[in-house]
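Visitor: Make the full structure from the sequences, and use the hints.
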Amino acid sequence: MAFPLTEEQRAVVEHRNGALLVSAAAGSGKTRVLVERLLSRVEQGLDIDRFLVITFTNAAAAELRGRIGEALTARLARNPGSAHLRRQSLRLYQAHICTIDALCIDLLRQYGHLLDVDPDWRVCDQAEGEELARQTLEELLEEKYQEMDGGFRALAEYAFHGRDDRRLEQMLLDIRDRVQSCPDPARWLEEHREDLRVPGITDAAGTPWGTLILDHVRVQAAYWRGQMAKALTLAARDPVTDCNYGPSLSATLDGLERLCQAKGWEECCACFPIPFPRAGSKKGADPAVKEPVAALRKRCQKGLDRLEERLGYDSTTALEQLRQLSPVVETLLDLVREFDRRLFQEKSRRGLLEFSDVEHLCVRLLEREAVRAEVGERFAEILVDEYQDTNQVQNALFDALSDGGRNLIFVGDVKQSIYRFRQADPTIFLQKYRDWPPAARAGEGQPRKLLLTRNFRSRPQVLWAVNDVFSRIMSPDCGEMEYGEQERLSWDEDAPLDPACAVELDALALPARSQGEEAAHPSLLEARFVARRLGQMLREGFPVSDGAGGRRPMEPEDAVILLRSPGPVLRYYVQALAEEGIPLEAEGDGDFFETTEISVALSLLQVIDNPRQDVPLISLLRSPVFGFSSDRLAQIRAGCREGDFYDALLADGGEDCAAFLERLKLLRFRAGETSAHRLLERLYRETDMMAIFGAMPDGRRRQANLDALAGQARLLERSGHRGLYAFLRHLERLREQGRTVNAARGGGGVKLLSVHRSKGLEFPVVFLCGLARQFNQMDEKAPLLFHPRLGVGPRRLERGEGWTVEW
Numbered sequence: 006m007a008f009p010l011t012e013e014q015r016a017v018v019e020h021r022n023g024a025l026l027v028s029a030a031a032g033s034g035k036t037r038v039l040v041e042r043l044l045s046r047v048e049q050g051l052d053i054d055r056f057l058v059i060t061f062t063n064a065a066a067a068e069l070r071g072r073i074g075e076a077l078t079a080r081l082a083r084n085p086g087s088a089h090l091r092r093q094s095l096r097l098y099q100a101h102i103c104t105i106d107a108l109c110i111d112l113l114r115q116y117g118h119l120l121d122v123d124p125d126w127r128v129c130d131q132a133e134g135e136e137l138a139r140q141t142l143e144e145l146l147e148e149k150y151q152e153m154d155g156g157f158r159a160l161a162e163y164a165f166h167g168r169d170d171r172r173l174e175q176m177l178l179d180i181r182d183r184v185q186s187c188p189d190p191a192r193w194l195e196e197h198r199e200d201l202r203v204p205g206i207t208d209a210a211g212t213p214w215g216t217l218i219l220d221h222v223r224v225q226a227a228y229w230r231g232q233m234a235k236a237l238t239l240a241a242r243d244p245v246t247d248c249n250y251g252p253s254l255s256a257t258l259d260g261l262e263r264l265c266q267a268k269g270w271e272e273c274c275a276c277f278p279i280p281f282p283r284a285g286s287k288k289g290a291d292p293a294v295k296e297p298v299a300a301l302r303k304r305c306q307k308g309l310d311r312l313e314e315r316l317g318y319d320s321t322t323a324l325e326q327l328r329q330l331s332p333v334v335e336t337l338l339d340l341v342r343e344f345d346r347r348l349f350q351e352k353s354r355r356g357l358l359e360f361s362d363v364e365h366l367c368v369r370l371l372e373r374e375a376v377r378a379e380v381g382e383r384f385a386e387i388l389v390d391e392y393q394d395t396n397q398v399q400n401a402l403f404d405a406l407s408d409g410g411r412n413l414i415f416v417g418d419v420k421q422s423i424y425r426f427r428q429a430d431p432t433i434f435l436q437k438y439r440d441w442p443p444a445a446r447a448g449e450g451q452p453r454k455l456l457l458t459r460n461f462r463s464r465p466q467v468l469w470a471v472n473d474v475f476s477r478i479m480s481p482d483c484g485e486m487e488y489g490e491q492e493r494l495s496w497d498e499d500a501p502l503d504p505a506c507a508v509e510l511d512a513l514a515l516p517a518r519s520q521g522e523e524a525a526h527p528s529l530l531e532a533r534f535v536a537r538r539l540g541q542m543l544r545e546g547f548p549v550s551d552g553a554g555g556r557r558p559m560e561p562e563d564a565v566i567l568l569r570s571p572g573p574v575l576r577y578y579v580q581a582l583a584e585e586g587i588p589l590e591a592e593g594d595g596d597f598f599e600t601t602e603i604s605v606a607l608s609l610l611q612v613i614d615n616p617r618q619d620v621p622l623i624s625l626l627r628s629p630v631f632g633f634s635s636d637r638l639a640q641i642r643a644g645c646r647e648g649d650f651y652d653a654l655l656a657d658g659g660e661d662c663a664a665f666l667e668r669l670k671l672l673r674f675r676a677g678e679t680s681a682h683r684l685l686e687r688l689y690r691e692t693d694m695m696a697i698f699g700a701m702p703d704g705r706r707r708q709a710n711l712d713a714l715a716g717q718a719r720l721l722e723r724s725g726h727r728g729l730y731a732f733l734r735h736l737e738r739l740r741e742q743g744r745t746v747n748a749a750r751g752g753g754g755v756k757l758l759s760v761h762r763s764k765g766l767e768f769p770v771v772f773l774c775g776l777a778r779q780f781n782q783m784d785e786k787a788p789l790l791f792h793p794r795l796g797v798g799p800r801r802l803e804r805g806e807g808w809t810v811e812w
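Adding 5 to a residue's 1-based position in the sequence shown gives its number in my numbering.
Bear in mind the hints are in silico, worked out from the structure with no lab data behind them.
All C-beta atoms, glycine included, are put in the ideal place defined by N, C-alpha and C.
A couple of the hints might just be wrong.
Claimed, not checked - Computed cross-link-like contacts, DMTMM-like style, restricted to lysine to aspartate or glutamate with a CA-CA straight-line distance of at most 25 Å:
#1 149 <-> 19
#2 307 <-> 325
#3 764 <-> 449
To be verified - Using C-beta positions, here's what the derived DEER-type ranges look like:
#4 150 <-> 440: 48 to 54 Å
#5 764 <-> 562: 18 to 24 Å
#6 529 <-> 601: 15 to 21 Å
#7 673 <-> 325: 57 to 63 Å
#8 777 <-> 182: 30 to 36 Å
#9 562 <-> 640: 48 to 54 Å
#10 670 <-> 538: 54 to 60 Å
#11 671 <-> 72: 17 to 23 Å
#12 202 <-> 601: 39 to 45 Å
Guide: As structure tokens, this is what we get:
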């Protein structure tokens, strides 16, 4: 039974005439509102295939189509004589409810001939595209090294690290990947090519980056000024502490005040170091006052030391640094543009396109007025779901497809934006959220916004906790928006409060250990706490909803453990839950490449490729597949102390060595005439690897891992790389980049997911873990920082014999 629409939901359904931004909070009934809006327009006479609905995933598109179908059926049951509604039931499966990728593919299939796109093109998968990009980049860099002109020499010296040019390769790949989110990557590269020349600027504050840094300095100075004022007030509670610390705190406050008022780079630099005169040492101070004052003062001093480092140099030196780096950045962006051009040519030659290529080609198509008019005429309304995860290319497509933006409906929630690492740009949503007036105050035809804040999914206790936490931590500087009254989640005031459903905050104190004692990893201690708490809830029959208004005892499948990044700590949760006898369902098993079965399979592949590698060879012999004991391996080595272990095997006259060498000879012979994935399948079959590891504990998961390894070989072969050597290089790159291969760990039980993967799912019991882990700041340590508006930011350098980059 459907509940009646709330007032704010009905406002979205009934809106007409003008662009609309709907900020739909989690659990606010967004999907139902979309269905009701579409069908309200249909009941007014529009055909359902006159709508374009852009969803984020194919699963979301299928769900929405199914919900619309159910709602249409219900309306037909109430009005069986409506020929219009019967026609919509047939038109539903022609309706344009799809992802942006599917829409762009459809447009390019229809109009690609206008851009001379090969009609037989196909979309390449990620592994195929990455391998082709690596190959194209290697060829380009080889040419540049042979030419070695001045600009490339400067770039190579800047990027050189260790004994190879992997850093340069990664810089080029990263920037090329990031500029794909721009509607015209080549234009962006050209516009930002000469950014660092800074002609006519004499004060670093006149650059976009200097302005940003000084704004940050002022914000931090204002914060510490408030903290020192708080410390001064606190010190006044105790005369002795006030006498000891008062003058010092006042001097610090005066310095912070000067910093807050400073104009320009040089004036800010002149304010440092902020004075921290030595505090007095009279005895008799009240510890309850003195200790927090001293701690606050110490934190302030450390924070301001970091702030002084942020400024780095005086204005003249900073500008000179930028100008010295300009040739490096100019050559780098020129190289990215040439790399992107060659890669597109190579993909076109093979009849391949990446999704980003398809989007950019569609932008070019819709720049043609005839195409734009013909496509735009098809749609009476364009509705974009998950708008907070849109990028600039997609936003340009929406604008081009719409009737000057008047028939656009954007739905999303910037607080749920999780795809920035894929170049999503939540500032697109935020700009409209800030600029567009509420619907009640908007003029006729003016863009407006409506907010859906009432949550129908979670209990009030959960929403209290969410509001309390995020109202404290979200601000324009942290989270890019204020979490004020209109952003707070609301709920039905008449909803019953169940004491069993309270939100817990559990803080673990790590146990002290004696000298020399090995401490358990903090993540293992946390995992064991979670496992014990889960065990207690299962034993006590913790009550959860039975879906029919009643209660039933909790089962393992009712619980989920959420982590920001499960991979590095998954093994601890596997161990802890196994100790409690609680079944677990998760993806992977920590580091895929470190599992026993994958290590053995990779050792076998490496030995087939080159048997003169002692570590893979000995690992393979010692594995359950071949079963050589440690004593036997030592005996083989003792019989031949010269050369590598393969020489020792050849010199040994034992039957076991002879049988191994004969099998290896046959496998190496076959490896030259078959693809990597077929080679793996043959190895699994002829060595009984699947049966051996399937008979071990958790055998199904081990077999799934071996299948996933063969699946990686199949993915690589789609790009034309069939050899064993190419496959081993591909796996090596995956490991270097910290990427893994997922194979499902099934069987039911408590689920373990990343926060990212849990979006849109619901569980009766949720453990949110790993909250003490620091944020990943690897991006800030990269050789180059990228910003869609500010351009490329290289690390500063010192010129000596060559260039030394300050990391």
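Visitor: Do the Cβ positions of residue 529 and residue 601 conform to the proposed distance bound of 15 to 21 Å?
Guide: holds (20 Å)
Visitor: Given the hinted pair residue 149 and residue 19, is their Cα-Cα distance within 25 Å?
Guide: violated (61 Å)
Visitor: Taking the CB of residue 673 and the CB of residue 325, does the distance hold inside 57 to 63 Å?
Guide: holds (59 Å)
Visitor: Is it true that the CA of residue 307 sits at most 25 Å from the CA of residue 325?
Guide: Outside the cut-off at roughly 29 Å; violated.
Visitor: Are residue 562 and residue 640 spaced within 48 to 54 Å by their CB atoms?
Guide: holds (52 Å)
Visitor: For the hint 17 to 23 Å, verify it against the beta carbon of residue 671 and that of residue 72.
Guide: violated (58 Å)
Visitor: Given the hint of 18 to 24 Å, is the C-beta distance from residue 764 to residue 562 inside that range or not?
Guide: holds (19 Å)
Visitor: Is the straight-line distance between the alpha-carbon of residue 764 and that of residue 449 25 Å or less?
Guide: violated (37 Å)
Visitor: Range first: 48 to 54 Å. Now tell me if the beta carbons of residue 150 and residue 440 are that far apart.
Guide: holds (49 Å)
Visitor: Using the C-beta atoms of residue 777 and residue 182, is the stated range 30 to 36 Å upheld?
Guide: holds (31 Å)
Visitor: Please test the hint of 39 to 45 Å on the beta carbon pair from residue 202 and residue 601.
Guide: violated (56 Å)
Visitor: Are residue 670 and residue 538 spaced within 54 to 60 Å by their CB atoms?
Guide: Cβ of residue 670 to Cβ of residue 538: about 56 Å, so the range 54 to 60 Å holds.
Consistency with the previously given hints fails for numbers 1, 2, 3, 11, 12, ordered from lowest to highest.
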